[in-house]
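Undergrad: Each chain, written out:
There are 2 protein chains.
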Amino acid sequence: MTDQQEFSLRNIKMFKDVPEETLAIMEERCGWKTYAPHEQIIDRQSDSRDVYFITRGRARVVNYSASGREISFDDIGDGAVFGELAAIDGEPRSANVVALTQTTVATLSPKAFHEVLEECPSVAMSLMQRLAHIIRISVDRIMDLSTLGAHNRVYAELLRLARDRRIDNNQAEITPVPIHSDIASRVSTTRETVARVFGELTKKGLVERKGNTLVVTDMDRLQEMVEEFRGD
Amino acid sequence: MTDQQEFSLRNIKMFKDVPEETLAIMEERCGWKTYAPHEQIIDRQSDSRDVYFITRGRARVVNYSASGREISFDDIGDGAVFGELAAIDGEPRSANVVALTQTTVATLSPKAFHEVLEECPSVAMSLMQRLAHIIRISVDRIMDLSTLGAHNRVYAELLRLARDRRIDNNQAEITPVPIHSDIASRVSTTRETVARVFGELTKKGLVERKGNTLVVTDMDRLQEMVEEFRGD
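Residue numbers (the working numbering), protein chains in the order written: chain A, 1 to 232; chain B, 1 to 232.
This is chain A alone, in the form it adopts within the complex (with noise of 0.2 Å):
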């Protein structure tokens, strides 16, 4: 990647009808900065209510328990926006944000972010569009969580990761091999209840190792061990 698209708004999904001259005159509008892996992007508790851009790097949105547990929402990529809802609607910041690499993003006011909207639908039509499918996978989630033991949330959360990697009809190959804690934070359990139920699927030969790759092996089974237990 060049100096150029990394402080370039080009690549930013929700921006991809705006017409290069305003994304020239939004890219002189934004602060721009660059974080380490690891560092926190937004504190939940901060007063800030800018809008994020990240235009490279990756970070994840997440809350935790009063305990600590990590409670994670989304991992997000180049192009996407993050921080919108308090540009929005103007309230507190509804969790944290913390860079999983090296990540450059571009900041805009509350203000200027509204004018933008204002004067591009294809912008506020996109939004629209993320904010629906953060209410989708979020009725989802309190679907899986009201319904299925945690067992069945990793099957469950096994089965949607092997959806996006297909071999075959019924194979699939997630490379790199999911992190533990990853997954137990995406589906609200332990990193201890991950490893014993990929133990257990790994003994029944559902799923299989083979260096960095996850091998699932049989994702229609899969599928019946998460409607069997769908119950209640």
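Bear in mind the hints are in silico, worked out from the structure with no lab data behind them. Hints may be right or wrong, so weigh each one.
Same chains, same label: a pair holds when it works inside one copy or across any pair of copies.
To be verified - No farther apart than 27 Å at their CA atoms in a straight line, the calculated lysine-lysine pairs in the DSS-like style are these:
(1) Lys210 / Lys111
(2) Lys210 / Lys16
(3) Lys16 / Lys33
(4) Lys16 / Lys111
(5) Lys111 / Lys13
(6) Lys210 / Lys13
(7) Lys203 / Lys33
(8) Lys33 / Lys204
(9) Lys111 / Lys203
Using the hints provided, position chain B relative to the given structure of chain A.
TA: The following block gives chain B in isolation, referenced to the frame of chain A:
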């Protein structure tokens, strides 16, 4: 309420800054329908992508577990919008919507709704604020489901209800007395668990029933009880 109000978009909150003329054009484009109590307005399985506005009545957004247990997402009344996700992104419905009382709705096709959003930035902004609000509530619910047991989720819900009905700093009166099955479906537990928790709270003197009113006598203590267990 007059017939004129029932078949007008004047009281729809997201249209409050829309000029009278534009509203009149929209009203002509709308379909209108009245539903009986308990009648289903949106079936999750349906192919429709219309957006709905409640001009009179009250409805519940709800999903069901495989065993038929109700997981409710929101109760919405006069002036509210629903069904907007499918209208925004064209994806399938995310939930069912059922009339709680006799309910009159106006419906708009996705195409007509997109035109309104493009032509009226105030409507787009109002919709974004609503979507942001839904996400914030979802984040709280995911945190509650991830970190609190069922008993504590009932305490937390009771506290949320009490906060809007304070009679002084530490007491609240909730009228009518909340229905156990409604609370159960909002916090994803069973009616029996809610009944048990209310029994315990009554014994401890933290809630007291007076006719059709539930008095919460010590909100600070209830808050402490939620916090005590917001451990893992």
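Undergrad: With reference to the structure, classify each hint as holding or not holding.
TA: Here is how each hint holds up against the structure:
For a Cα distance limit of 27 Å, the shortest separation of Lys210 from Lys111 qualifies neither inside one copy, at 51 Å, nor across copies, at 49 Å. When the C-alpha separation of Lys210 and Lys16 is checked against a cutoff of 27 Å, the pair qualifies neither within a copy, at 39 Å, nor between copies, at 59 Å. Taking the shortest alpha-carbon separations for Lys16 and Lys33, only the intra-copy value of 22 Å comes in at or below 27 Å, while the best inter-copy value is 39 Å. For a Cα distance limit of 27 Å, the shortest separation of Lys16 from Lys111 qualifies both inside one copy, at 21 Å, and across copies, at 21 Å.
Within a single copy, Lys111 and Lys13 get their C-alpha atoms as close as 20 Å, and across copies as close as 23 Å, so both meet the 27 Å cut-off. For the homomeric pair Lys210 and Lys13, neither the shortest alpha-carbon distance inside one copy (35 Å) nor that between copies (56 Å) is at most 27 Å. Proximity of Lys203 and Lys33 under a CA criterion of 27 Å is satisfied in neither setting, with 47 Å inside one chain copy and 56 Å between copies. For a Cα distance limit of 27 Å, the shortest separation of Lys33 from Lys204 qualifies neither inside one copy, at 48 Å, nor across copies, at 54 Å.
Taking the closest pair of Cα atoms, Lys111 and Lys203 never come within 27 Å of each other, the shortest separation being 56 Å inside a single copy and 52 Å across copies.
Of the numbered hints stated above, those contradicted by the structure are hints 1, 2, 6, 7, 8, 9, listed in ascending order.
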